[in-house]
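Colleague: Residue strings, one per chain:
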Amino acid sequence: MKVNVDGNEVYFSTGGRAHADGRPFVMFLHGAGFNHLTWPLQVRAMAYDGYNVIAADMPGHGLSAGEPIEGIEAQAAWALKLLDAAGAKDAILVGHSQGGLIALEMASQAPERVKAIAFVATAAAIPVNGQLIAQAEKDPHGAYANMVDWAHGQAAHMHDNTWPGASHLNYGVHVMEMGNPQALVADLKSCAAYEGGEKVASSLKVPAMVVLAEQDRMTPAKFGRSLAKMIPECELHVIGGSGHTIPTEKPRELNALLRAFLKRAEATEAV
Amino acid sequence: MEKDFKLETLALHAGHVPDPEHGSRAVPIHQTTSYVFRDARHAAALYNMEEGGHLYTRISNPTIAVLEQRLAAMEGGAACVAVSSGMAALHAVTTMLVSAGDHIVSTAQLYGANINLLKNTMPRFGVETSFVHGRDLDGLKAAIRENTKFLFCEMIGNPGLDVLDVEAVARIAGEAGIPLIMDATFCTPYLFKPLDHGVNVVVHSLTKWLGGHGTTIGGAIIDGGNFNWGGKNADGSEKWPTLAAPHYALDGIVFWEEFGPIALSARIRAEAMYNFGPTLSPMAAFQLLQGIETLPLRMERHMENTAKLLDFLSAHEAVSWVRHPSLPEHPDHETAKRLLPKGAGGVIAFGIKGGRAAGAAFIENVQVASHLANVGDAKTLVIHPASTTHSHISAEDMKAGGLSDDMIRLSVGLENFDDLKADFDRALKIAAKAAQAAGGMA
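Quick mapping for you: the protein sequence lines, in order, are chains A and B. First residue of the first sequence: -11, per the numbering used here; consecutive thereafter. First residue of the second sequence: 1346, per the numbering used here; consecutive thereafter.
Hints are supplied without guarantee of correctness; some may be wrong.
[Claimed, not checked] Below are the DSS-like pairs computed for lysine-lysine, each with C-alpha atoms no more than 27 Å apart in a straight line:
#1 K1577(B) with K(-10)(A)
#2 K1538(B) with K1351(B)
#3 K1682(B) with K1351(B)
#4 K1348(B) with K210(A)
#5 K193(A) with K217(A)
#6 K1348(B) with K1687(B)
#7 K(-10)(A) with K1494(B)
#8 K126(A) with K1538(B)
#9 K1348(B) with K177(A)
#10 K1464(B) with K1744(B)
#11 K217(A) with K187(A)
#12 K1687(B) with K1724(B)
#13 K187(A) with K69(A)
#14 K69(A) with K193(A)
#15 K1724(B) with K1653(B)
#16 K1778(B) with K1653(B)
#17 K1348(B) with K126(A)
#18 K1766(B) with K1778(B)
#19 K126(A) with K1351(B)
#20 K193(A) with K210(A)
#21 K1538(B) with K1682(B)
It is worth saying that the hints were derived from the structure and are not from the lab.
Produce the complete structure using the sequences and hints provided.
Modeller: Structure representation (structure tokens):
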């Protein structure tokens, strides 16, 4: 559905099911240059499990209008405004890659609105190769191709897929091409500049889960393991046979972990 | 995708990783109609397109999925749906994109059944097609209307062997904001990858060179993932409502929003496979995969034999003319050189001195080549349209369709060239004698 945030039309997927009163909100946050189509195999599943799903495209990404926002802090502030626009007092956050940094920052800016965080293929800091930023500025398509290459594991490179007939690599490139060519540049610069993650992670007081990929070449699992250690109460899972794009490479494994985590997060709140 | 494996590797491996339990290196044949659900929620999730997987072979099947993933990879597409024939592929993509009152623009140089579907079948359902010669770029542009939903073309037309300047046609489609759909059967991804040249959707008859063995009928739609289906009509309504407006089922899913680059293939799966059922059999998918594994090697040999036969036929005294895009006199020679550097296909048209009687004599006297109605087999195939497929058509209509009394269509196979040469030389000499006997030697 579409809502207005800061004067721009913002698209978010509800997973094909309208929001209903009394259901917990789950907000999915995509990574650099991507959009809600990071999560095609999570959003419908979680919506039909009974959650109010918000899987948005940040400004300039996917189906959302507006100029890309630079800075994790500004992106988190924007995501909090989107919660307002969607009518969500609070939400459980699921962040992929850069989305994990945004989730951390949202917990810093508005701790009362973040009920739990599932971190997927991410870390407390995501350094970015300057050459990739330079390429994204001059040759976005080349940068998309490089990122999609690095972001997928061996089976995905062999075009093995749980979604019959689909190609991870070609799907990934075209998802990235849906947005403003400057969106990736803004995202990569935002990741490179963000330094607040460790401080927020070490003081996080909500249920947290870190899910990492054994074959991740974008955000290697060792950095995610450090994030899990920083967070006072955090469960850690490493999925074998997957690259960085766990949501499409290993949807069954991720969804099983998410379902269990969402139930625990709700139970924790009830205590 | 630039960072992908090369075609030779994809043809052998793409879409299949040996399963951890059995480790089968060859693609297993899942000869089953249905699949046991883990629980009620799993069943509901599969029906609701919440997760991938298989629920009924009419919709999808693990063996067929390997074929689909392999073809998507080889074409550089975001997804593929395999179907029971090439015609089923064009039918599925057409019916998923148009509704009564809509319009299609097509190049005129098409396979006969493609023309029939668009010209004679679709009008009964309220969908009109304007046919324009592929070289008439202004005409193609002028034919596009507000209600035109796609532009259709073939890379190498049959039987005239016209080669389309697809990049110019893609610019016209792009400027009009409509997708370009190409039947690329005559090229295969070895000779030409349409999605790299502005095409948005590719359809194939897998029966031909991709399968290559002449045993199995099959087709495929490759969803390029490179078209924005969110375009609007002048009144603000959705231009492609089947993709960008709520579906009649699945709680009104909007495929473009939920699946983005693979929206078309998702809709084909959810509607065409469900409601029409043009399903490939798992055994057929396995056989097609066996063929595809050797496609690059076979195409190399097809092109080598084609070049040698072109030299041989061009120099033969019983041959009156030879048509192939690689010959300098072909009107699309320069286009073929630019877009088809690895070869302009394995079909040759040529004329035999002496007209219809000579053509029939040639056809009846080849021994290595087979007289039948197909192209793209590993074996060399010949047909004489005037005495067979087009025997009921007037000379005027044949001429209009690029056919003539003396024309032989030749699909070049993989035999030893010396054997082919000897076979053709002998049959051509018999044809010359038959022409003399009929008193028609030109």
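Colleague: Give a verdict on every hint.
Modeller: To see whether the hints hold, each was checked on the structure:
1. K1577(B) with K(-10)(A): Within the cut-off at roughly 16 Å; holds.
2. K1538(B) with K1351(B): Holds, at about 13 Å.
3. K1682(B) with K1351(B): Judged against 27 Å, a Cα distance of about 22 Å means the pair holds.
4. K1348(B) with K210(A): holds, 25 Å
5. K193(A) with K217(A): Since the Cα atoms of K193(A) and K217(A) sit roughly 14 Å apart, the hinted pair holds (cutoff 27 Å).
6. K1348(B) with K1687(B): Holds - the C-alpha atoms of K1687(B) and K1348(B) are around 22 Å apart, at most 27 Å.
7. K(-10)(A) with K1494(B): holds, 26 Å
8. K126(A) with K1538(B): Judged against 27 Å, a Cα distance of about 26 Å means the pair holds.
9. K1348(B) with K177(A): holds, 24 Å
10. K1464(B) with K1744(B): Given pair K1464(B), K1744(B) holds - Cα atoms ~19 Å apart, limit 27 Å.
11. K217(A) with K187(A): holds, 12 Å
12. K1687(B) with K1724(B): holds, 21 Å
13. K187(A) with K69(A): holds, 23 Å
14. K69(A) with K193(A): Cα-Cα ~22 Å, so holds.
15. K1724(B) with K1653(B): holds, 16 Å
16. K1778(B) with K1653(B): holds, 25 Å
17. K1348(B) with K126(A): Answer holds: K1348(B) to K126(A) is near 18 Å, not above 27 Å.
18. K1766(B) with K1778(B): Given pair K1766(B), K1778(B) holds - Cα atoms ~18 Å apart, limit 27 Å.
19. K126(A) with K1351(B): Holds, at roughly 26 Å.
20. K193(A) with K210(A): holds, 23 Å
21. K1538(B) with K1682(B): Satisfied, since the Cα-Cα distance of roughly 15 Å is no more than 27 Å.
Hint compliance for this structure: no hint is broken.
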